[in-house]
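Chain order of the listed sequences is E and S. Numbered according to full-length UniProt numbering, the first sequence spans residues 1 to 292. Numbered according to full-length UniProt numbering, the second sequence spans residues 1 to 331.
In case anyone wonders, no lab produced these hints; they're calculated from the structure. Quick caveat, the model's predicted, so the values are computed rather than measured. Note that CB positions come from ideal geometry on N, CA and C, so glycine has one too. Certain hints may be false.
If you want a taste of the chain E side facing chain S, the calculated C-beta under 8 Å gives, among others [claimed, not checked]:
#, residue
1, 43
2, 45
3, 182
4, 183
5, 184
6, 186
7, 189
8, 190
9, 192
10, 193
11, 194
12, 201
13, 202
14, 205
15, 206
Computed far set for chain S versus chain E, every beta-carbon distance over 12 Å [unchecked claim]:
#, residue
16, 13
17, 115
18, 145
19, 177
20, 179
21, 195
22, 203
23, 284
24, 291
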Amino acid sequence: MSGIALTAAPPAASDSPGLLRRLAGNRSAALGGVLLALVLGFAVVGPLLWPGDPWEMVAAPMLWPGEDMANPLGTDVMGRDLATGLVSGARVSLLIGLVATLIAATIGTLFGALGGFYGGRTDAVLMRVTELFQTVPTFVLAVVLVAVFRPSVTTAVLAIGIVSWPATARLVRAQFLVLRDREFVLAAETLGMSTPRLILTQILPNALPPVIAMSTLTIAHAIQTEAALSFLGLGDPNVMSWGTIIGGGREQLTEAWYVCGLPGIAIIVTVLAFNLLGEGLNDALNPHLQRR
Amino acid sequence: MPLLEIRGLQTWFETRAGTVKAVNGVDLSIERGETVALVGESGSGKSVTAYSVLRLIEAAGGRIAGGEVLFDGTDMLRLDLASLRAVRGNRIAMIFQEPLSALNPVQSIGTQIVEALRLHRDIGLRAARERAVELLELVRMPSPRERLEEYPHRLSGGMRQRAMIAIALACEPDLLIADEPTTALDVTTQAQILDLLRELQGRLGMAMLLITHDLGVVAETADRVAVLYAGRVVEQGPVETLFDAPAHPYTRGLLDAVRIEELPPGSRLPEIPGMVPSLLALPPGCAFAPRCPRATPACDAGPPAMRAGGEGRLHACFNPWLSTVEGRVPA
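So here's chain E without its partners, still in its complex pose:
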């Protein structure tokens, strides 16, 4: 900030730039955005560069990356092309991460909003249920859920969604507890607004920014969980995900580390992208930090 900022600043962000510009100005958000763009580009353009079935055995097994330009990232122990596998994994990871987070955000917002708004007994019951989910280790619960039903993309999405909502519920509840007592909510009530409308049009839009920021972190966590499930063989047997590749390559780790290493790097980059973006969003959406 320059010295001119010493004159009395306007009370609110009246001249602050838009959200996108603020995000671009935030170093971690910008890096996260670039990394995410790379992963997204890989998932979108990849199928055009390396078409085909990731399960198909196309070349000699355990070709190192760069050994044969027909398989630029090499092949695994079954002779399956790793580039095709990584592209498939990117699509699966992003899809599962997004849909599972959508489920988690919906359940979490519903629980948190009702508990925070109504308080009292409703809140007590909803928060005890939330705590029940929080006390069970999330990954173990996800494993159980997927194992009980048949492993598929749908069950993975549902299981990850179901284990990920409690944090969102807590956050939304805290937001609602504060916002419920704000004067503009009272003012809306003096206008004759009904309770559902009050929640949907007055409180929820004000409660959402931190939820959006946190959901980015939830996506990152969902992607890790999916990879871990697939690594354990609890992924969809018809879908090649990053976890599947790592799981398949783990016995040849000493001879061909790249089989595990490449999807591992992909997971790290993707999770890092979402984490950085989430952190940046959190700062950008927080009005108290906008002047820093």
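Assemble chain S onto chain E, guided by the hints.
Same frame as chain E, but now just chain S:
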């Protein structure tokens, strides 16, 4: 029949320390088109009275323990929630002290006016937006059409208050409750907003309950004034006669405290000795007796009843100043 008639209203808050009797038997009536000012110090029960009219008191943790609030003949305290919502914002609207916190920060001014309109009127989105422009014109918002898209934090204090008035007037209410509408504004803007409120009131024929602690605002704006002390109306009447010759020693003390320009230079500023009694343990008699220069033993026996003093004046005092003949002693 008065538009609003409050009878024996009691609003209590249960706290760990006991029952806080914030409003303890308020009687007040407002005719159509009339402006009644409710004055008193902080904690005298002005705002609680106003919130009780719209039954917004449960949200604040209180309860209405007794009394009647007759609005146009129906007791607001007995209405079911749906009928109550049909009155709120439609026939009785409210404006607040601090418009920045009373406006939704993430909705544009236009959206908030449209929302207020569509809550009670069967009106299309396009027509509602046109009406919103008219309302912003009505409250003298500069370039109203452009302001529709503006968010509250981008407006000045005066413009925000105009926007809030536009929202309150959306459904042309019969009664506007204004809870210290100018306290948060600078003096110039304050005068503009008061002018606007007076003008709109005349144009729309709406009654106004003005809550304030500023006796200057009362003198400029109100037809009648009711003075609240420790949850009760101690005196009420037409502004001119009441300000000229207050009957209740408390009213007199309040007025003396603001007439400092009449004092000889260097003299002590007048004040009302003592403190407002705790609302947890009100004295058995007149709540003002412990601070009152005219108190007699009778004042501690029981609360004084409201008595007529002529010319529409009412006071609750055993030893009132009854006429101007007794004269005002400036300090």
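Against the structure, the hints come out as follows:
1. 43: violated, 33 Å
2. 45: Cβ of residue 45 of chain E sits 37 Å from chain S, so the hint is violated.
3. 182: This interface hint holds because 7 Å falls under the 8 Å limit.
4. 183: Hint on residue 183 of chain E: holds, closest Cβ of chain S at ~4 Å, below 8 Å.
5. 184: holds, 5 Å
6. 186: Holds. Min distance 6 Å.
7. 189: holds, 6 Å
8. 190: holds, 4 Å
9. 192: Holds: closest Cβ of chain S sits about 4 Å from residue 192 of chain E, inside 8 Å.
10. 193: holds, 6 Å
11. 194: holds, 6 Å
12. 201: For residue 201 of chain E, the interface hint holds, since the closest Cβ of chain S sits about 7 Å away, which is under 8 Å.
13. 202: holds, 6 Å
14. 205: holds, 5 Å
15. 206: This interface hint holds because 6 Å falls under the 8 Å limit.
16. 13: Holds, because the least Cβ-Cβ distance between residue 13 of chain S and chain E comes to about 15 Å, which exceeds 12 Å.
17. 115: violated, 7 Å
18. 145: Residue 145 of chain S is indeed farther than 12 Å from all Cβ atoms of chain E, at 20 Å.
19. 177: Violated, since 8 Å does not exceed 12 Å.
20. 179: The claim is violated: residue 179 of chain S sits with its nearest Cβ about 10 Å from chain E, within 12 Å.
21. 195: Given that every Cβ of chain E is farther than 12 Å from that of residue 195 of chain S, nearest at about 23 Å, it holds.
22. 203: holds, 21 Å
23. 284: holds, 35 Å
24. 291: holds, 33 Å
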